[in-house]
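**Student:** So the chains spell out like this:
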Amino acid sequence: MPDLGKYAFTVLSAYGATIVLLAALIAVTWVQSRRAKSRLAEIEVSSETGSV
Amino acid sequence: MSLWEYANPARFMRLTERMLPVLGALAVLTVLMGVIWGFFFTPDDYKQGSTAKILYIHVPSATMAVSAWFMMLAGSLIWLVRRHHVSALAAKAAAPVGMVLTLIGLVTGAIWGQPMWGTWWAWDPRLTSFLILFLFYLGYIALWEAIEDPDTAADLTSVLCIVGSVFAVLSRYAVNFWNQGLHQGASLSLDEKENVSDVFWIPLVIAIVGFGLMFATLVLVRTRTEIRLRRASALMSRQRRA
Amino acid sequence: MKALLIRDLTLAFRAGGGFGLALAFFLLVAVIVPLGVGPLTEILGRIAPGILWVGALLACLLSLDRMFALDYEDGSLDLLATSPMPMEGVVGVKALAHWLVTGLPLTALSPLLGLMLNLPGPGYPWLILSLLLGTPALSIIGAFGAALVVGVKRGGLLLSLLVLPLYLPTLIFGAEVVRRGALGLPVQTPLLLLAAITAGSLGLLPYAAAAAIRICLR
Numbered sequence: 001m002p003d004l005g006k007y008a009f010t011v012l013s014a015y016g017a018t019i020v021l022l023a024a025l026i027a028v029t030w031v032q033s034r035r036a037k038s039r040l041a042e043i044e045v046s047s048e049t050g051s052v
Numbered sequence: 053m054s055l056w057e058y059a060n061p062a063r064f065m066r067l068t069e070r071m072l073p074v075l076g077a078l079a080v081l082t083v084l085m086g087v088i089w090g091f092f093f094t095p096d097d098y099k100q101g102s103t104a105k106i107l108y109i110h111v112p113s114a115t116m117a118v119s120a121w122f123m124m125l126a127g128s129l130i131w132l133v134r135r136h137h138v139s140a141l142a143a144k145a146a147a148p149v150g151m152v153l154t155l156i157g158l159v160t161g162a163i164w165g166q167p168m169w170g171t172w173w174a175w176d177p178r179l180t181s182f183l184i185l186f187l188f189y190l191g192y193i194a195l196w197e198a199i200e201d202p203d204t205a206a207d208l209t210s211v212l213c214i215v216g217s218v219f220a221v222l223s224r225y226a227v228n229f230w231n232q233g234l235h236q237g238a239s240l241s242l243d244e245k246e247n248v249s250d251v252f253w254i255p256l257v258i259a260i261v262g263f264g265l266m267f268a269t270l271v272l273v274r275t276r277t278e279i280r281l282r283r284a285s286a287l288m289s290r291q292r293r294a
Numbered sequence: 295m296k297a298l299l300i301r302d303l304t305l306a307f308r309a310g311g312g313f314g315l316a317l318a319f320f321l322l323v324a325v326i327v328p329l330g331v332g333p334l335t336e337i338l339g340r341i342a343p344g345i346l347w348v349g350a351l352l353a354c355l356l357s358l359d360r361m362f363a364l365d366y367e368d369g370s371l372d373l374l375a376t377s378p379m380p381m382e383g384v385v386g387v388k389a390l391a392h393w394l395v396t397g398l399p400l401t402a403l404s405p406l407l408g409l410m411l412n413l414p415g416p417g418y419p420w421l422i423l424s425l426l427l428g429t430p431a432l433s434i435i436g437a438f439g440a441a442l443v444v445g446v447k448r449g450g451l452l453l454s455l456l457v458l459p460l461y462l463p464t465l466i467f468g469a470e471v472v473r474r475g476a477l478g479l480p481v482q483t484p485l486l487l488l489a490a491i492t493a494g495s496l497g498l499l500p501y502a503a504a505a506a507i508r509i510c511l512r
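Here the protein sequences come in this chain order: A, B and C.
The letter at position 5 of the first sequence is residue 5 when you use our numbering, and the numbering goes up by one with no holes.
Quick note: to get our numbering, add 52 to the position in the second sequence (first position is 1).
Quick note: to get our numbering, add 294 to the position in the third sequence (first position is 1).
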């Protein structure tokens, strides 16, 4: 850990805020991707059985 | 084979499926490398002390926030001219990523500004134009959400994106007009005198490349999500008709 | 074309048509701000250019959502689309009608409100000139925003979100003209830029707005 001196709180809070925001973005992207994948799989199965 | 082949959604899905793991790994690697180098192994700035370390997240996210808008503009133009669905969906997928990066730029800037300028916020041209960029992202996303028919939404948001770009540039010049900037000049300009020195420069460039790769990865994943959702709703309506 | 203009104007002047509303809103902004900021004349004089421009801008925003939405709902927009008049012309006439019932009266009322806000003497000609030059841009930009949300139910809030960022350059240059004029500084540069924005918007945005309406009617 480098010595951040008197600005330790400033630097760490900037990094913290960035990590939180990026993590939220990545999490939302991931969850949406998963949901879309399973939804499409479900519909594809039902449309195949339905059409035959 | 021309590049436009990849505008076919199925081909796009197959290509990106193979690309994504590599791209994602590269993105994680370069982001970590740039940020860790910047955070742990750079000296403090003689004037700004350790706050100079914020540079390695502030500048890359700000750079990508602007680039994201340009990517959306390109996607919108391609959609309007060539009617490739992937292009419109990529523009839609990029907007939330660009918005979050703008927000990161604003938040880290505010945290940085507090000890350096003695204030969280100043109506400085750069800060103000970033806030305006944030508003443009909000409007763009809200318009996508508001319109039900996907092709109409793609058309209208593309028109908004093009007109918005012109007005965003105008606003950028308009706020310059007040001429009372606190923000320091460019960190990466080609003009040697303005530039930051090499010890700061190399990790910064790595971090920018990393954020660029991260942006590309996120946009690809989100575009794939949009394509899947589009296909799912198309199948749904076909079922209902059958 | 003339018939459409007259029809729009009659509708606007009828009860609840929005003509009086924008003016009353403008007046309210000029009354509310001193109540919030306090009655010190030198502070009010300093911020008067900004308040007057922000007030004019918000008043313009008020009646935008009915510009195309009402015609869309009762089907007359479809009729207009099939009429020989190009959609660009329809947009232009609608924006003109909007300007005649909001921008022009707002400009006429503004010196009176400037007086209430203690705007310094040399600012008045610039206030009138900048509003006269700037409000047409507000109307045509607003027409573009209204065209985007034609198909959206209850799009009023969305419309504000879309249009306000587009209004910023006009606002900045317009208020800057009045501020400099009130302080006796040269106003040429912001005035020319304001005129350039208005000219550019009037020349190009009708096409964008017409394209948006055609997309919505598809």
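Hints were generated in silico from the structure; no laboratory data involved.
Small disclaimer: the values here were computed from a predicted structure and weren't measured.
You may find that some hints are simply not true.
Unchecked claim - Pairwise CB distance ranges, derived in the manner of DEER restraints:
#1 B:W172 <-> C:V331: 21 to 31 Å
#2 A:K37 <-> C:L303: 47 to 57 Å
#3 C:L394 <-> B:D97: 36 to 46 Å
#4 C:G314 <-> B:S289: 19 to 29 Å
Here a beta-carbon is modelled for each residue, glycine too, at the ideal position from N, C-alpha and C.
**Student:** Now look at each hint and say whether the structure bears it out.
**Tutor:** Structure-based check of all given hints:
{"no.": "1", "hint": "B:W172 <-> C:V331: 21 to 31 Å", "in the structure": "holds, 22 Å"}
{"no.": "2", "hint": "A:K37 <-> C:L303: 47 to 57 Å", "in the structure": "holds, 55 Å"}
{"no.": "3", "hint": "C:L394 <-> B:D97: 36 to 46 Å", "in the structure": "violated, 58 Å"}
{"no.": "4", "hint": "C:G314 <-> B:S289: 19 to 29 Å", "in the structure": "violated, 47 Å"}
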